[in-house]
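2 protein chains.
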Amino acid sequence: MKPIDRPLTCAYSNHPRFVTELMDFVRFPSVSAQPQRASDVRRCAEWLAQHLWAIGMEQVQVIPTPRHPIVYADWRRTPQRPTVLIYGHYDVQPPDPLAEWYSPPFEPTIRSNDLYGRGASDDKGQMFTHVKALECYLQTTGELPVNVKCLLEGEEEIGSQNLPAFLERNKDMLVADVAVLSDMRILAPDQPVLTEGLRGALSVGLEIRGPKHDLHSGNFGGAVHNPLQALCEIIAKLHDTNGRVTIPGFYDHVRQWSDRERAYMARVGPSDAQILQDARVKCGWGERGYTLYERTTIRPALTVNGISGGYQGPGVKAVIPARATAKFNFRLVPDQDPGEIYGLFRQYISRITLPTVCSTIRTHLMAKPALVDRNHSAIRAAAVAYRKGFGTSPVFLRSGGTIPVVNLFQTLLGIPTVLMGFALPDDRMHAPNEKFHLPNFFNGIATSIWFLAEVAQMQEFRVAQNWRATQLAAAMM
Amino acid sequence: MKPIDRPLTCAYSNHPRFVTELMDFVRFPSVSAQPQRASDVRRCAEWLAQHLWAIGMEQVQVIPTPRHPIVYADWRRTPQRPTVLIYGHYDVQPPDPLAEWYSPPFEPTIRSNDLYGRGASDDKGQMFTHVKALECYLQTTGELPVNVKCLLEGEEEIGSQNLPAFLERNKDMLVADVAVLSDMRILAPDQPVLTEGLRGALSVGLEIRGPKHDLHSGNFGGAVHNPLQALCEIIAKLHDTNGRVTIPGFYDHVRQWSDRERAYMARVGPSDAQILQDARVKCGWGERGYTLYERTTIRPALTVNGISGGYQGPGVKAVIPARATAKFNFRLVPDQDPGEIYGLFRQYISRITLPTVCSTIRTHLMAKPALVDRNHSAIRAAAVAYRKGFGTSPVFLRSGGTIPVVNLFQTLLGIPTVLMGFALPDDRMHAPNEKFHLPNFFNGIATSIWFLAEVAQMQEFRVAQNWRATQLAAAMM
Numbered sequence: 037m038k039p040i041d042r043p044l045t046c047a048y049s050n051h052p053r054f055v056t057e058l059m060d061f062v063r064f065p066s067v068s069a070q071p072q073r074a075s076d077v078r079r080c081a082e083w084l085a086q087h088l089w090a091i092g093m094e095q096v097q098v099i100p101t102p103r104h105p106i107v108y109a110d111w112r113r114t115p116q117r118p119t120v121l122i123y124g125h126y127d128v129q130p131p132d133p134l135a136e137w138y139s140p141p142f143e144p145t146i147r148s149n150d151l152y153g154r155g156a157s158d159d160k161g162q163m164f165t166h167v168k169a170l171e172c173y174l175q176t177t178g179e180l181p182v183n184v185k186c187l188l189e190g191e192e193e194i195g196s197q198n199l200p201a202f203l204e205r206n207k208d209m210l211v212a213d214v215a216v217l218s219d220m221r222i223l224a225p226d227q228p229v230l231t232e233g234l235r236g237a238l239s240v241g242l243e244i245r246g247p248k249h250d251l252h253s254g255n256f257g258g259a260v261h262n263p264l265q266a267l268c269e270i271i272a273k274l275h276d277t278n279g280r281v282t283i284p285g286f287y288d289h290v291r292q293w294s295d296r297e298r299a300y301m302a303r304v305g306p307s308d309a310q311i312l313q314d315a316r317v318k319c320g321w322g323e324r325g326y327t328l329y330e331r332t333t334i335r336p337a338l339t340v341n342g343i344s345g346g347y348q349g350p351g352v353k354a355v356i357p358a359r360a361t362a363k364f365n366f367r368l369v370p371d372q373d374p375g376e377i378y379g380l381f382r383q384y385i386s387r388i389t390l391p392t393v394c395s396t397i398r399t400h401l402m403a404k405p406a407l408v409d410r411n412h413s414a415i416r417a418a419a420v421a422y423r424k425g426f427g428t429s430p431v432f433l434r435s436g437g438t439i440p441v442v443n444l445f446q447t448l449l450g451i452p453t454v455l456m457g458f459a460l461p462d463d464r465m466h467a468p469n470e471k472f473h474l475p476n477f478f479n480g481i482a483t484s485i486w487f488l489a490e491v492a493q494m495q496e497f498r499v500a501q502n503w504r505a506t507q508l509a510a511a512m513m
Numbered sequence: 037m038k039p040i041d042r043p044l045t046c047a048y049s050n051h052p053r054f055v056t057e058l059m060d061f062v063r064f065p066s067v068s069a070q071p072q073r074a075s076d077v078r079r080c081a082e083w084l085a086q087h088l089w090a091i092g093m094e095q096v097q098v099i100p101t102p103r104h105p106i107v108y109a110d111w112r113r114t115p116q117r118p119t120v121l122i123y124g125h126y127d128v129q130p131p132d133p134l135a136e137w138y139s140p141p142f143e144p145t146i147r148s149n150d151l152y153g154r155g156a157s158d159d160k161g162q163m164f165t166h167v168k169a170l171e172c173y174l175q176t177t178g179e180l181p182v183n184v185k186c187l188l189e190g191e192e193e194i195g196s197q198n199l200p201a202f203l204e205r206n207k208d209m210l211v212a213d214v215a216v217l218s219d220m221r222i223l224a225p226d227q228p229v230l231t232e233g234l235r236g237a238l239s240v241g242l243e244i245r246g247p248k249h250d251l252h253s254g255n256f257g258g259a260v261h262n263p264l265q266a267l268c269e270i271i272a273k274l275h276d277t278n279g280r281v282t283i284p285g286f287y288d289h290v291r292q293w294s295d296r297e298r299a300y301m302a303r304v305g306p307s308d309a310q311i312l313q314d315a316r317v318k319c320g321w322g323e324r325g326y327t328l329y330e331r332t333t334i335r336p337a338l339t340v341n342g343i344s345g346g347y348q349g350p351g352v353k354a355v356i357p358a359r360a361t362a363k364f365n366f367r368l369v370p371d372q373d374p375g376e377i378y379g380l381f382r383q384y385i386s387r388i389t390l391p392t393v394c395s396t397i398r399t400h401l402m403a404k405p406a407l408v409d410r411n412h413s414a415i416r417a418a419a420v421a422y423r424k425g426f427g428t429s430p431v432f433l434r435s436g437g438t439i440p441v442v443n444l445f446q447t448l449l450g451i452p453t454v455l456m457g458f459a460l461p462d463d464r465m466h467a468p469n470e471k472f473h474l475p476n477f478f479n480g481i482a483t484s485i486w487f488l489a490e491v492a493q494m495q496e497f498r499v500a501q502n503w504r505a506t507q508l509a510a511a512m513m
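Protein chains in written order, with the numbering used here: chain A, 37 to 513; chain B, 37 to 513.
If you're looking for bench data, these hints aren't it; they were derived computationally from the structure. Errors might be hidden in some of the hints.
Put simply, identical chains are the same to the list, so a pair is met inside one copy or across any two.
[What the hints assert, rightly or not] The list that follows gives simulated cross-link-like pairs (lysine-lysine, DSSO-like), each with its CA atoms no further than 30 Å apart: (1) Lys38 with Lys424; (2) Lys273 with Lys318; (3) Lys273 with Lys424; (4) Lys38 with Lys207; (5) Lys207 with Lys424; (6) Lys38 with Lys273; (7) Lys38 with Lys318; (8) Lys248 with Lys273; (9) Lys318 with Lys248.
Input sequences plus hints: build the corresponding full structure.
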């Protein structure tokens with residue numbers, strides 16, 4: 037019996053209990069965006085901390101921030117081995133629209149091989165694979181093969197606003213050789229993926245104001261520019277008929293990839309048909325000259341996430357509203373800078389806003405894109421772990437999503453992040469009926485167990501004392 | 037002392053009590069559009085019926101309809117005199133957005149010479165002028181100078197959907213020589229107006245559907261046509277840069293008015309500057325080649341009353357919503373037909389909806405435009421009454437609003453309607469901080485007292501038995 041067999045066996049024999057525990061975790065409505073859920077977020081953090089303590093982690097802390105707490109735990113009893121920083125988030129997206137859930141979002145329910153509930157996949161289920169892997173080691177061997185630090189935050193879904201300051205203040209506590217993060221999709225239950233690129237994000241709000249107060253659309257309809265109409269006219273001008281964003285300068289710093297890289301993407305990435313099926317739409321849309329996979333990864337995008345204005349209740353109200361608002365979300369790619377794009381957006385909106393109305397813009401969050409080096413030894417360790425956990429070698433894919441912390445770890449801690457996803461394309465993250473595929477949960481636990489064992493073999497890990505010296509050298513962008 | 041002096045004196049000496057009673061009336065949140073307010077609507081109807089009984093009206097009834105009741109009362113003791121049908125509505129618009137009210141919408145408050153509250157002007161205050169005029173006659177002389185029937189409905193703000201069937205069923209009960217209705221604006225406290233035209237209305241809802249469920253805008257942004265964006269693109273195509281509605285055929289049956297008529301409108305109607313001031317906007321908008329007054333009266337208009345879609349809560353949600361909806365309101369002029377315009381709108385939307393999304397349209401309400409003959413003797417009686425009540429002769433103006441009942445009275449009962457407004461342009465009907473100018477309330481009561489006396493002098497009134505014969509002949513459109 038090899039040393040790794042004991043934690044693996046422990047994992048296989050405890051699947052039912054692990055699922056029950058994950059359901060307890062999902063039951064917390066830890067919606068970070070909604071102020072009225074703040075106490076639920078805190079209760080969830082406390083539950084998680086208690087759980088980490090129960091499985092044998094040390095230094096367990098619930099650390100307050102100006103908004104939602106960070107849960108920290110570690111195990112550092114093998115100084116001659118590398119250190120892994122496990123990052124995850126226990127907060128979840130709002131569950132709206134509630135009416136579209138088949139089972140309530142915070143009453144986790146198993147149907148077929150899937151666990152349904154808000155956060156089941158993003159990120160509670162994926163994060164929990166690592167927690168259970170740690171448990172299997174500690175329960176069966178009394179130790180971990182590497183040093184581990186867990187950093188589990190409660191503000192990922194609202195832009196991790198308090199995380200940069202926390203990382204800055206706690207650089208020393210968080211020193212590690214590699215971070216691992218499981219908050220992304222793989223291609224299929226039998227095709228794991230190592231994510232090598234993430235888009236950045238920029239969220240902005242736009243308000244259009246017209247008359248000082250709401251007007252009767254009978255008395256004034258036809259003589260006053262309706263802010264809702266003006267907003268629609270502005271939004272309609274943000275894309276051209278080729279699906280390209282019309283903001284001048286928007287594409288100036290978009291990195292062009294080689295034909296070889298695009299050929300690799302075409303070979304290993306999802307086809308247009310696969311992406312359409314995942315999205316459950318009949319036909320695609322977007323920037324001409326690129327596949328749907330390219331449009332969502334190496335090309336930037338601008339989407340409207342919400343519009344609000346006028347009367348939305350039942351029946352009819354004959355009103356010209358005094359104002360209308362929209363929320364926008366940019367996804368940015370190397371080498372676009374969120375701050376620069378924000379400036380270009382402001383200028384363009386100001387230029388295309390007619391003098392009949394006024395516009396105001398505010399920014400909600402900004403995050404830079406991130407890239408991971410395929411040849412880093414920790415990435416190779418992850419590839420081995422996936423092959424053992426899932427029975428298939430992973431492919432390298434780019435993600436359209438944004439995980440601000442990846443760029444932060446790179447910039448502030450000087451370490452790469454292994455993006456080791458366990459979600460499926462149809463997990464409906466951020467949407468009603470989010471679910472987590474339980475076979476992925478089980479394979480994920482095995483993969484994490486293998487990953488920790490593989491990292492323990494890494495030769496070129498840094499000693500803690502050296503990390504500051506390597507920080508700038510390792511920064512990629 | 038002339039006979040009319042007694043009711044006039046009664047009115048002058050009871051102003052404070054009348055205001056208190058109007059405040060009691062406004063206090064009812066009789067919002068017809070909101071199902072949860074149905075019992076408030078009914079309580080308001082019962083209060084109004086009780087009030088009519090208390091002032092001496094007869095046959096007082098609260099008549100149920102499939103939704104909100106109709107209040108009826110009459111006084112028919114002078115068969116040799118004409119019969120006046122007083123129409124009004126006791127239901128009100130929803131008070132949203134609530135946060136913008138300086139005092140709560142259903143806690144009527146007097147500031148300066150104005151009574152603030154939802155429905156203070158539209159239509160409780162204006163309707164109440166007639167109720168108080170009846171009271172002044174009955175209290176001082178024990179009788180009315182003409183026969184009077186009061187028809188006060190509770191569904192005007194939601195399209196009077198049950199009124200046509202009620203009128204059809206009760207033609208005999210409602211037989212009259214003229215209807216009077218006070219639910220419109222005059223130019224200023226010292227410039228009364230007789231309304232000679234009303235626009236028709238067509239309210240429709242549009243839903244745009246894209247993906248089967250909400251999508252993550254990181255994973256799918258750039259590859260899927262966002263229903264919110266598609267909706268904006270459609271709305272932006274509904275007007276051209278000259279402010280004209282682009283629906284093919286939309287203007288085909290719009291009546292062209294003579295230069296003489298347009299010159300009269302320019303002379304007596306509000307100037308562009310006045311309309312901009314009333315709307316509290318800096319600059320106008322709309323169909324080129326027409327004044328703002330013309331754009332809101334003899335020209336049709338299309339406005340967006342509400343848009344809803346995606347995440348509208350606090351903070352950020354990175355979502356591509358599965359669907360987006362908009363509410364539209366057309367204002368139509370002679371000789372546009374709401375049914376035909378609805379067909380043209382459907383065709384056009386179907387044509388401009390891209391294959392990347394689906395659209396569904398439903399109609400909420402339809403009402404035809406209406407015109408009143410300036411030379412009818414009842415209109416001349418109203419002009420005299422205004423001169424005595426306000427000290428100034430009225431001008432003839434067109435309104436941009438819609439009162440479906442005017443066309444219904446014409447078509448079903450064969451009688452013209454005197455449109456005798458007491459509201460001011462800045463009364464903020466349908467908007468937050470709606471108010472009624474109390475001097476207009478007092479002058480309105482006097483005008484109604486004079487109007488009933490003037491109608492009593494009309495020579496050419498029809499005897500009740502003849503009304504069926506004249507019905508079709510009198511129909512204007």
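### Query
What are the numbers of the hints the structure violates, in ascending order?
3, 4, 5, 6 and 7
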